[in-house]
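**Student:** Those protein sequences? They're chains P, F, S, W, G and D, same order as listed. Heads up: the first sequence runs through residues 0 to 252, numbered per numbering that gives the first Met the number 0. Heads up: the second sequence runs through residues 0 to 252, numbered per numbering that gives the first Met the number 0. Heads up: the third sequence runs through residues 0 to 252, numbered per numbering that gives the first Met the number 0. Heads up: the fourth sequence runs through residues 0 to 252, numbered per numbering that gives the first Met the number 0. Heads up: the fifth sequence runs through residues 0 to 252, numbered per numbering that gives the first Met the number 0. Heads up: the sixth sequence runs through residues 0 to 252, numbered per numbering that gives the first Met the number 0.
By construction, these hints were calculated from the structure, which means they are not laboratory data. Some clues are possibly wrong.
Selected chain D positions facing chain W (Cβ under 10 Å, derived; list incomplete) [claimed, not checked]:
id : residue
1  : Arg-48
2  : Arg-93
3  : Val-96
4  : His-98
5  : Glu-101
6  : Gln-246
Distance ranges between label pairs, derived from CB positions [claimed, not checked]:
id : chain 1 : residue 1 : chain 2 : residue 2 : range
7  : P       : Arg-131   : G       : Ile-54    : 48 to 56 Å
8  : F       : Gly-99    : W       : Glu-15    : 34 to 42 Å
9  : G       : Arg-16    : P       : Arg-131   : 17 to 25 Å
10 : F       : Glu-52    : P       : Arg-196   : 51 to 59 Å
11 : G       : Ile-54    : W       : Asp-55    : 36 to 44 Å
Lysine to any residue pairs mimicking SDA-like chemistry, simulated, CA-CA at most 25 Å apart [unchecked claim]:
id : chain 1 : residue 1 : chain 2 : residue 2
12 : D       : Lys-157   : D       : Leu-143
13 : F       : Lys-232   : P       : Leu-4
14 : G       : Lys-53    : D       : Trp-180
15 : W       : Lys-232   : S       : Glu-186
16 : W       : Lys-53    : S       : Ala-187
17 : F       : Lys-53    : P       : Leu-224
18 : W       : Lys-53    : S       : Lys-53
19 : S       : Lys-53    : W       : Ala-183
20 : D       : Lys-53    : G       : Pro-185
21 : S       : Lys-232   : W       : Lys-53
22 : D       : Lys-53    : G       : Asp-182
23 : F       : Lys-157   : F       : Pro-199
24 : F       : Lys-53    : F       : Met-0
25 : W       : Lys-53    : S       : Asp-182
Beta carbons: idealized from backbone N, C-alpha and C, even for Gly.
There are 6 protein chains.
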Amino acid sequence: MLLQLSTWQEIDAYLERSRGIIVPIGSTEQHGPNGFIGTDALCPELVARGMSEKIDVVVAPTLSIGMAQHHLAFSGSITLRPSTLMAVVRDVVRSLVRHGFERCYFLNGHGGNVATVRAAFSEVYADTSFNRHAGNEPEVRCQLGNWYDGQRVRALSKTLFGGAEGSHATPSEVSLTYYGWPDAMPEAIRNTPMAPRIAPTGPILDAADYRRRFPDGRIGSDPSLATPEAGEKLFHAAVEDAIEDYQRFLAAA
Amino acid sequence: MLLQLSTWQEIDAYLERSRGIIVPIGSTEQHGPNGFIGTDALCPELVARGMSEKIDVVVAPTLSIGMAQHHLAFSGSITLRPSTLMAVVRDVVRSLVRHGFERCYFLNGHGGNVATVRAAFSEVYADTSFNRHAGNEPEVRCQLGNWYDGQRVRALSKTLFGGAEGSHATPSEVSLTYYGWPDAMPEAIRNTPMAPRIAPTGPILDAADYRRRFPDGRIGSDPSLATPEAGEKLFHAAVEDAIEDYQRFLAAA
Amino acid sequence: MLLQLSTWQEIDAYLERSRGIIVPIGSTEQHGPNGFIGTDALCPELVARGMSEKIDVVVAPTLSIGMAQHHLAFSGSITLRPSTLMAVVRDVVRSLVRHGFERCYFLNGHGGNVATVRAAFSEVYADTSFNRHAGNEPEVRCQLGNWYDGQRVRALSKTLFGGAEGSHATPSEVSLTYYGWPDAMPEAIRNTPMAPRIAPTGPILDAADYRRRFPDGRIGSDPSLATPEAGEKLFHAAVEDAIEDYQRFLAAA
Amino acid sequence: MLLQLSTWQEIDAYLERSRGIIVPIGSTEQHGPNGFIGTDALCPELVARGMSEKIDVVVAPTLSIGMAQHHLAFSGSITLRPSTLMAVVRDVVRSLVRHGFERCYFLNGHGGNVATVRAAFSEVYADTSFNRHAGNEPEVRCQLGNWYDGQRVRALSKTLFGGAEGSHATPSEVSLTYYGWPDAMPEAIRNTPMAPRIAPTGPILDAADYRRRFPDGRIGSDPSLATPEAGEKLFHAAVEDAIEDYQRFLAAA
Amino acid sequence: MLLQLSTWQEIDAYLERSRGIIVPIGSTEQHGPNGFIGTDALCPELVARGMSEKIDVVVAPTLSIGMAQHHLAFSGSITLRPSTLMAVVRDVVRSLVRHGFERCYFLNGHGGNVATVRAAFSEVYADTSFNRHAGNEPEVRCQLGNWYDGQRVRALSKTLFGGAEGSHATPSEVSLTYYGWPDAMPEAIRNTPMAPRIAPTGPILDAADYRRRFPDGRIGSDPSLATPEAGEKLFHAAVEDAIEDYQRFLAAA
Amino acid sequence: MLLQLSTWQEIDAYLERSRGIIVPIGSTEQHGPNGFIGTDALCPELVARGMSEKIDVVVAPTLSIGMAQHHLAFSGSITLRPSTLMAVVRDVVRSLVRHGFERCYFLNGHGGNVATVRAAFSEVYADTSFNRHAGNEPEVRCQLGNWYDGQRVRALSKTLFGGAEGSHATPSEVSLTYYGWPDAMPEAIRNTPMAPRIAPTGPILDAADYRRRFPDGRIGSDPSLATPEAGEKLFHAAVEDAIEDYQRFLAAA
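Take the sequences, apply the hints, and build the full model.
**Tutor:** What follows is the structure, encoded as structure tokens:
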């Protein structure tokens with residue numbers, strides 16, 4: 000059930016059945032020579048839609064722009080400052096709480112969002128924590144899950160790509176987008192040979208430094224290994240992982 | 000050319016040809032008994048994609064969550080506070096300026112965004128206006144265009160729906176989404192009879208007041224008139240209107 | 000009744016009779032070769048005082064500094080960033096709500112304020128809209144009216160100045176200040192011939208760009224036509240327009 | 000020379016002669032049974048105008064709304080939060096620096112502003128202090144002077160009112176406004192007998208506490224002693240004090 | 000009783016006996032040729048600990064970093080912007096109010112903090128002042144006391160150092176730290192002869208300006224007179240002064 | 000070398016030798032029945048001082064108040080909101096960059112700080128990343144290291160306390176403070192028997208929820224096992240771990 004494609008009466012009815020919601024959150028940033036700039040938003044969007052086809056859950060629109068300051072030296076990358084992203088997450092959660100949502104699961108596609116989104120959750124909680132008479136406020140729980148961090152996905156990535164997986168512009172995430180948007184990337188680009196085959200690794204600092212260290216944008220990966228077929232397998236694994244994690248979150252005391 | 004489905008090298012190449020970009024911006028809010036909650040985001044997304052199929056322009060990911068505080072008494076509506084939305088727009092524009100984009104056209108689908116987005120543009124300009132030595136800064140121009148405000152669309156809406164168009168949950172915007180997402184809304188809901196047929200009108204204040212005034216969410220409209228066929232016509236009109244307005248913006252001295 | 004020239008007991012008594020207040024809001028910015036820098040603040044102040052002489056209404060002190068970032072390349076112009084002006088408007092409204100004012104009418108003299116002030120109203124409303132238990136909060140309505148936008152004023156400006164009215168440093172607003180402050184501007188300056196007679200028009204971006212486009216500060220106008228006599232007529236028209244609009248606002252359901 | 004009643008070309012010319020400016024800053028808050036709510040803004044405005052008639056100095060529009068949170072339990076009082084007032088002062092100073100003003104003298108009428116305005120000055124300075132390459136930035140100095148704190152005014156207040164001066168709604172400030180706005184306050188109110196004759200004193204905390212401690216708004220004063228005649232003497236003393244302090248500020252190394 | 004060295008149960012028990020707390024607040028900034036960079040934080044920390052050995056009071060951890068923008072041209076100085084320090088003070092007070100603390104005494108060691116901390120107190124009070132139904136909120140009082148401003152300390156400093164006391168890097172504060180940290184400063188540095196013996200005085204503006212005016216960091220002082228013996232006397236005087244002031248604060252109606 | 004006990008000239012000299020600095024950062028929050036409220040600040044302070052006795056490094060004053068919103072239902076806990084802590088970290092880093100520090104190592108004692116501090120680093124980097132002409136800005140690197148996360152400490156904790164270590168109010172951190180402040184905690188409290196012996200575990204949400212889940216404040220631990228002797232061993236391990244990590248950070252390309 001996609002929030003954007005529902006009516007408010009349908010959401011009212013859903014809230015009688017469940018108090019949980021999935022919010023896909025990603026980023027808009029370079030993903031190396033053959034990855035989509037939207038990779039980190041497209042992946043959680045795809046997985047969240049997969050979830051909604053299997054279980055009764057509402058999926059909010061994807062927050063497509065995340066914290067990607069380190070990618071700004073590559074054309075097309077867009078970032079929110081961490082303080083802006085925190086404000087966005089806080090407003091979104093407060094809007095959902097207004098309707099009675101009590102469990103907000105952020106399905107994330109971008110490592111660079113993790114710290115900021117977690118800090119934002121604490122900012123949300125602090126609103127009630129400072130209040131000594133907070134008893135009659137609605138209780139909300141927020142959780143962040145990375146689609147790429149589940150057990151099935153981790154195992155599959157290892158099997159498929161081993162030491163070529165790396166940590167940015169990975170063949171796994173690129174495969175997932177090739178599966179989801181099979182016609183969007185020309186063959187010529189898909190098969191770009193990488194040089195060096197495995198990209199370097201290193202710390203992530205500011206944008207100019209990032210580009211010096213990682214000249215084509217990749218970190219530690221060889222995304223020329225990406226295929227739609229691998230993407231399909233990863234998709235099913237990711238949906239299962241995410242459903243499991245979400246249901247554990249819903250069920251938790 | 001969709002930013003999310005491009006590589007950074009493709010954007011580099013694009014920037015050799017053009018310095019303009021389209022940023023669809025919408026809202027996630029109730030749209031009456033038979034309109035999608037995502038209407039205001041889906042419409043500019045659809046139109047922007049239509050533009051990108053006709054002219055050489057990059058389309059950024061849709062900013063799906065806008066300023067919708069007045070809709071919060073209806074389930075599923077999500078808002079950013081105006082101050083948050085201003086920070087988002089400012090960060091997005093500053094990111095684009097970083098790459099050399101000089102003309103940022105926000106294609107808007109929600110009247111409630113207009114004031115805040117315009118204020119955000121001034122916040123962006125103020126950054127350089129305060130600087131008496133601003134000469135070597137990149138110059139940027141921002142413009143807001145509402146997809147529903149072009150000449151062709153206005154004329155067509157009038158012809159199609161006359162006095163039943165109203166101002167929120169209009170048959171025009173609902174038609175456009177039925178054209179774009181033909182299978183998403185069950186027939187039963189599409190054909191919901193409205194009571195009263197034409198919704199009331201009035202001022203927009205806070206959320207509780209809005210719900211008192213407009214009990215099913217519509218303002219002045221009868222969206223039961225919406226059809227995919229009308230949506231198709233509106234789509235073509237909107238794409239033409241928006242291309243015209245964007246090209247005028249690009250060409251302006 | 001001017002707030003600044005009243006005692007708190009008089010305001011207490013007024014609140015027994017009415018819940019409305021006028022807040023004049025303007026700007027401090029260049030107004031071409033023969034216009035006062037304070038034009039946009041002086042005009043609504045004058046009109047608001049005129050209103051208070053005809054009807055029982057409290058007039059707050061004028062917010063003289065508005066959003067004028069685009070004028071900063073001309074000496075004497077002062078701006079608040081939009082985010083600052085929003086905070087000011089919010090604090091003012093919250094102060095008034097504290098006392099029981101329920102209808103705050105901002106009588107505006109500067110087009111550049113409109114977007115920001117409207118965004119600020121939404122920021123105020125959002126405070127209660129996020130609150131699902133908002134019922135016992137005081138209800139407030141905010142409205143923005145431009146003194147120059149009423150029917151009588153528009154008609155009169157057209158009659159008096161026709162195509163020389165323009166949109167910044169207009170003969171109408173300059174006339175109004177000549178009527179209000181007849182001795183402040185030397186004849187020599189008042190009668191400055193304009194070159195070109197009608198100023199150019201164009202978009203408003205940042206300060207450096209503004210100065211390049213509009214070298215003497217005017218947009219589309221010939222303020223050398225301004226006279227105190229025209230100002231007097233405009234004054235009476237503006238007071239009538241504003242009273243009508245304010246009373247409609249007070250009476251609205 | 001009043002900024003609001005000047006043209007930008009006149010300010011350009013002034014900047015050839017001087018780099019100083021006076022910014023009157025006050026507050027809009029209750030001033031006891033017979034004091035104007037605008038007292039703290041009217042006084043510095045009056046004194047600043049007096050200065051401008053004696054020396055060649057530009058006077059900015061009065062910042063009429065200051066930090067008056069403690070007065071909010073009395074009708075008509077309006078406050079900015081300290082953080083808002085800091086943003087206002089910072090934007091005003093940055094605007095003035097843009098034009099080449101180098102010495103900004105804030106002539107203050109309200110004790111409650113002092114801490115916040117001083118903090119704002121440090122916020123302004125910090126902008127350049129953090130910059131290790133700040134050499135080419137314009138240098139600005141800000142100073143706060145209270146019109147009531149000069150030697151002549153202090154001596155005169157003591158002579159005129161002795162132990163009845165107090166610290167809020169003082170006979171001195173009330174006298175000054177009676178001199179400046181002789182017709183605004185009806186005799187009946189002017190001569191209100193005070194009970195107790197001298198108001199209590201105590202700490203200033205939040206608004207509800209303030210009203211409990213100081214039921215009619217005064218602190219330590221008997222403003223029934225105020226007269227226009229005393230106001231006239233205080234006016235001349237204040238203008239002399241302020242000119243002396245301003246010229247010392249301009250001349251300082 | 001030091002908060003950091005207590006358990007939460009001990010604080011619970013303390014709150015049965017008292018509602019007051021001491022929060023030492025200082026700064027980390029250059030203190031001339033022979034003063035510790037931590038002087039302004041070490042002094043109130045030492046005095047607060049002395050207080051806690053004589054009376055039953057909880058001492059919070061020292062806020063060691065204050066508002067020191069003007070010292071940034073000297074290595075090792077660290078500042079918070081005033082707006083940041085205000086947010087810190089507000090969060091600290093709100094945390095303490097959460098537990099039932101009702102009187103928060105900030106024992107300060109740095110003149111540069113005074114304006115900002117006072118502004119922060121008003122920001123705290125404003126939270127309740129804006130609320131017309133604030134009755135059931137916990138009431139809190141905040142007070143700022145400078146350890147160096149008590150009667151005993153002022154008299155002693157005058158006796159010990161007379162005209163060599165100055166206002167920054169004073170022999171009094173340096174002595175106090177020599178008493179508290181006797182081994183931390185090598186004799187060679189302690190006895191540095193000052194040139195000129197008494198440092199210049201002048202206004203405090205931004206960091207670059209400060210360094211030009213006060214090349215070795217001192218203002219008006221000769222800290223080569225500082226000794227641990229003088230520090231010991233000052234310590235006892237300061238503890239007595241601060242206890243007296245704190246108890247007056249606790250007892251106040 | 001402690002920053003607080005140094006002169007600015009000593010820091011100047013240090014900067015000739017090194018561009019690195021240690022900033023201990025902790026929290027002020029309940030630590031169960033027998034742990035100090037200051038545990039999370041005291042531990043990194045102790046370890047950082049240990050580092051400075053072994054290698055040539057400057058240690059900044061401890062940031063004692065961190066992000067501890069979830070502990071606010073226990074008396075004595077103090078928090079900064081995440082947004083406030085981000086502003087603090089940003090101002091501290093910008094101050095250090097002003098002097099030429101290029102590697103800022105935050106030695107952390109509190110898991111609750113991690114997300115916010117990392118987000119703050121990105122906020123710092125974003126300042127330069129948005130700037131397309133950032134080349135001449137000083138480059139800075141920030142790193143967060145938890146004193147309890149090094150290899151030696153992890154191994155030792157496991158050996159000493161096994162499954163009783165838990166994650167809040169751990170016997171390891173409590174031991175370290177007993178070693179550092181041997182006389183501060185009465186034997187009676189140190190030996191408090193815990194009930195249940197091992198505290199429960201669970202998610203961390205807001206303050207009221209935390210107290211319901213973890214009634215005496217511990218999570219998963221039995222801190223009655225803590226001893227000064229264990230603390231001494233942990234101290235040496237932590238100093239070694241932290242030195243190793245810091246030197247790796249300094250040496251990194």
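**Student:** Determine for every hint whether it applies to the structure shown.
**Tutor:** Evaluated hints:
no.	hint	in the structure
1	Arg-48	violated (29 Å)
2	Arg-93	holds (5 Å)
3	Val-96	holds (8 Å)
4	His-98	holds (8 Å)
5	Glu-101	violated (12 Å)
6	Gln-246	violated (27 Å)
7	P:Arg-131 with G:Ile-54: 48 to 56 Å	violated (27 Å)
8	F:Gly-99 with W:Glu-15: 34 to 42 Å	holds (39 Å)
9	G:Arg-16 with P:Arg-131: 17 to 25 Å	holds (20 Å)
10	F:Glu-52 with P:Arg-196: 51 to 59 Å	violated (36 Å)
11	G:Ile-54 with W:Asp-55: 36 to 44 Å	violated (58 Å)
12	D:Lys-157 with D:Leu-143	holds (23 Å)
13	F:Lys-232 with P:Leu-4	holds (21 Å)
14	G:Lys-53 with D:Trp-180	holds (20 Å)
15	W:Lys-232 with S:Glu-186	violated (35 Å)
16	W:Lys-53 with S:Ala-187	holds (24 Å)
17	F:Lys-53 with P:Leu-224	violated (33 Å)
18	W:Lys-53 with S:Lys-53	violated (37 Å)
19	S:Lys-53 with W:Ala-183	holds (17 Å)
20	D:Lys-53 with G:Pro-185	holds (19 Å)
21	S:Lys-232 with W:Lys-53	violated (35 Å)
22	D:Lys-53 with G:Asp-182	holds (18 Å)
23	F:Lys-157 with F:Pro-199	holds (19 Å)
24	F:Lys-53 with F:Met-0	holds (10 Å)
25	W:Lys-53 with S:Asp-182	holds (18 Å)
Hints 1, 5, 6, 7, 10, 11, 15, 17, 18 and 21 from the list above are not met by this structure, while the remaining hints are.
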